[in-house]
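Quick mapping for you: the protein sequence lines, in order, are chains A and B.
In this text, residue positions in the first sequence follow this note's numbering: the first is 55, and each later residue adds one.
In this text, residue positions in the second sequence follow this note's numbering: the first is 4, and each later residue adds one.
In case anyone wonders, no lab produced these hints; they're calculated from the structure.
Note that the structure is a prediction, hence the values are computed from the model and not measured.
Every residue gets a Cβ at the ideal spot worked out from N, C-alpha and C, and that includes glycine.
Wrong hints could be hidden among the right ones.
FRET-style restraints, in silico, Cβ to Cβ [as the list claims (entries may be wrong)]:
{"#": "1", "chain 1": "B", "residue 1": "128", "chain 2": "A", "residue 2": "432", "range": "20 to 26 Å"}
{"#": "2", "chain 1": "A", "residue 1": "87", "chain 2": "B", "residue 2": "50", "range": "49 to 55 Å"}
{"#": "3", "chain 1": "A", "residue 1": "399", "chain 2": "B", "residue 2": "50", "range": "31 to 37 Å"}
Calculated from the model, a selection of chain B residues having no Cβ within reach of chain A, i.e. all distances over 12 Å [said to hold, decoys possible]:
{"#": "4", "residue": "26"}
{"#": "5", "residue": "190"}
{"#": "6", "residue": "215"}
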Amino acid sequence: MQQTLSRRSTWFDGWDFSGPNVMALLAGAVMLFAFFFLPWFGDNVSNNGARIMVDILYEAPGALRTEALIWLIPVVAVATFAATLWGAMAPEQARIASPLASLLGLTTLLYFAPALGRAGAHPLLTPGAGFWTAFVCAIAMILQFVLAMPAVVERSGAPQRGVRRSHLPQWLTPYLFIAPPLILYAIWILGPTVYTMYLSLTNWDGVSTPQFIGLANYERLFMRDRNFVESLVNNLRWLVVFILVPTSMGLGLALLFNNEMWGGRFYKVSFYAPLVLSLPVIGLIWAWLYNPRLGLINSLLSMMGVTNLPGWLGSRDLAIWCVIAAAVWRQVGYVMVLYLAGLKNVDPSYIDAARVDGAGRLALFRHVVMPLLAPVTTIVIVISIIDSLRAFDLVSIMTRGGQGTQVLANFMYMEAFNNYRMGYGAAIAVVLFAISMVFIAFYLSRAIRDELEY
Amino acid sequence: MATQSIKTQPISRPAPTSVSRAWKRFLTFLFYFLLTAATLIWLTPVLAAVITSLRTMDDITINGFWSWPREIVFSNFERAWTTARVSKYLLNSFIITIPALIGMLFLSSLSAFALARYRFRGNLFIYFIYVAGTMLPFQILLLPVFRLTNALGLYDSYGALILIHTTFQLGFCTFVLRNFMRTVPGEIMDAARVDGCSEFRIYWQIMLPLTLPALAALATLQFTWVFNDYLWAIVLLRSDVLRPVTAGLATLRGQFNTDWPVITSGALLATIPTLIVFIFLQRYFIQGLTLGSGK
Chain A
55 MQQTLSRRST WFDGWDFSGP NVMALLAGAV MLFAFFFLPW FGDNVSNNGA RIMVDILYEA
115 PGALRTEALI WLIPVVAVAT FAATLWGAMA PEQARIASPL ASLLGLTTLL YFAPALGRAG
175 AHPLLTPGAG FWTAFVCAIA MILQFVLAMP AVVERSGAPQ RGVRRSHLPQ WLTPYLFIAP
235 PLILYAIWIL GPTVYTMYLS LTNWDGVSTP QFIGLANYER LFMRDRNFVE SLVNNLRWLV
295 VFILVPTSMG LGLALLFNNE MWGGRFYKVS FYAPLVLSLP VIGLIWAWLY NPRLGLINSL
355 LSMMGVTNLP GWLGSRDLAI WCVIAAAVWR QVGYVMVLYL AGLKNVDPSY IDAARVDGAG
415 RLALFRHVVM PLLAPVTTIV IVISIIDSLR AFDLVSIMTR GGQGTQVLAN FMYMEAFNNY
475 RMGYGAAIAV VLFAISMVFI AFYLSRAIRD ELEY
Chain B
4 MATQSIKTQP ISRPAPTSVS RAWKRFLTFL FYFLLTAATL IWLTPVLAAV ITSLRTMDDI
64 TINGFWSWPR EIVFSNFERA WTTARVSKYL LNSFIITIPA LIGMLFLSSL SAFALARYRF
124 RGNLFIYFIY VAGTMLPFQI LLLPVFRLTN ALGLYDSYGA LILIHTTFQL GFCTFVLRNF
184 MRTVPGEIMD AARVDGCSEF RIYWQIMLPL TLPALAALAT LQFTWVFNDY LWAIVLLRSD
244 VLRPVTAGLA TLRGQFNTDW PVITSGALLA TIPTLIVFIF LQRYFIQGLT LGSGK
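Isolated chain A (complex conformation) (with noise of 0.2 Å):
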């Protein structure tokens, strides 16, 4: 026991022990690397690990078919990377965990032989920089075996239950959990947050490269765009609705249902089902409803004997009125489930002594309701925010941003992907973030401050 807390003293000392899990660990990760992000055969980029996987393991029509086993590489990269972590973080798992790495690398090394010896038979079968990565780290795998067993067999005569001897340094756990996560994220969201704010002063067309011009695009944005304004404009009368209709019907829908009475389930449910439908599904129902001639609302109309029947969405006027309404019937029931929730943890207590003290209705609701629901208010509202300025689903779907219901998220897509201006379009994407980072921004102050009082 003593001996082991003294040798502890130096993460080095391990060595003789985790070297060759640590070795599988690094070899396991270059090899999913390599797999997702090097060009897996040949030259061609599209030959990329991960996409003839999928389409191996899919059967996708125009799959590229090379060897059917391929996606043995990733799962033998995933175990090895689990079994050596495993290995690491527990000394006395190690004696199993390091051949089992092992193990998994002559697997893959059995799967790299064909390949290699049929390396000119096939036109997709030229082994590229993944290749060759990934076979390394196979040998390597198979290295450390050689190198561990003396000290697995050494140690499995003597198990030292109890000891924690952990050969990684103490202050590396916590980054091991989250460097996976965290480097996927970085990839795939905050590199790409700040990379959209380049492409905004460039003018790229989706195939060359792109040229910085300076602040052209957004020139160009706020001073000769009148699609821009009306986006805008649409924008905000988006969030001044949402932030308005379903707030105040979503409380009001609470309360009401918050209460025990007969039938309250199914009539709850009724006004939350809208939630699951998905937003193409709503935007085509709607469109249906507002059809001009056959329509449910226009033939009621005329069956009421209205001549003059409004064109719903066909009318620049109506037009985003409509919209905003198919996407209100989907929020209220949101808010309705979070201020439900809210009322739950409201103590009755409170409740009790403001109708002691006499409180009326009205004032119950105003004094003591609304200030216990303030966080959720909070949140509700935020939420909203957010989704006006996410709106793009429903105007894609029912009018392609016609008829004056364009909206910024859709203004953004169309200009980069109909017409192949991604540089202006990243500027709208950027004018975009930029009205959103002041929300996220009111949220986060708000959020830190509970955070550090907690």
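Got chain A sorted already, so can you dock chain B onto it with the hints?
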């Protein structure tokens, strides 16, 4: 429950006479009548879609929407399922949603565990990066992600969608799971540590089982979110055969331009998976919705 009596009458009321009782009964009746009417109006779009999908377009064109159906037909569903390939689109949706779901839950539970249970430099900073990321507008990511998938050869494949959904939802999942994991008492973990349990085992064998309720709620909610995504599907895919059902519906609309019964049938079929999840896992769905804001 809590605010039960906000809407009910004040307690101090004179003993009910028969007149007031009858009046009260009438009011109750009126209340339920109005509520039922409001509910039906609220559900009109859905009901209209169901009715439309069971009729033929000729029937609607000739007799109008507000007429008694001449006949109930199921051929619209058949056409949507096979001719419009909704079956294929639905399969694609599952192929994209399920790996993304597993990926995001596993990865976010890793980061949530570290953020909730360890003190280290940058802990809060990383947490707030995730929180901020959940509220980003998608448009800020579209172009670079489009470029990235092209550079990696993933453009126009399932892999691209799986990866972007996994990573984008990491933020929300981490946020929810981290706050949930903080509520787990630390004594359990300390006890395990004293017994020589490794940190990874603490995560895998102690924390994850205790987090199952939150994981279930998140999985249910994220299933509907990823399943219902439309934007990424049209940005990162070009081939019609790979499209998930949301993007497929847009194709369907172009294809069956004015044949509304087929379009609404397709829309209803596209809703079935999320509807099943909603019906059977409703409790988790609601929990999921409120988890993110419950704090």
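Consistency of the hints with the structure:
| no. | hint | result |
| --- | --- | --- |
| 1 | B/128 to A/432: 20 to 26 Å | holds, 23 Å |
| 2 | A/87 to B/50: 49 to 55 Å | holds, 52 Å |
| 3 | A/399 to B/50: 31 to 37 Å | holds, 34 Å |
| 4 | 26 | holds, 19 Å |
| 5 | 190 | holds, 17 Å |
| 6 | 215 | holds, 19 Å |
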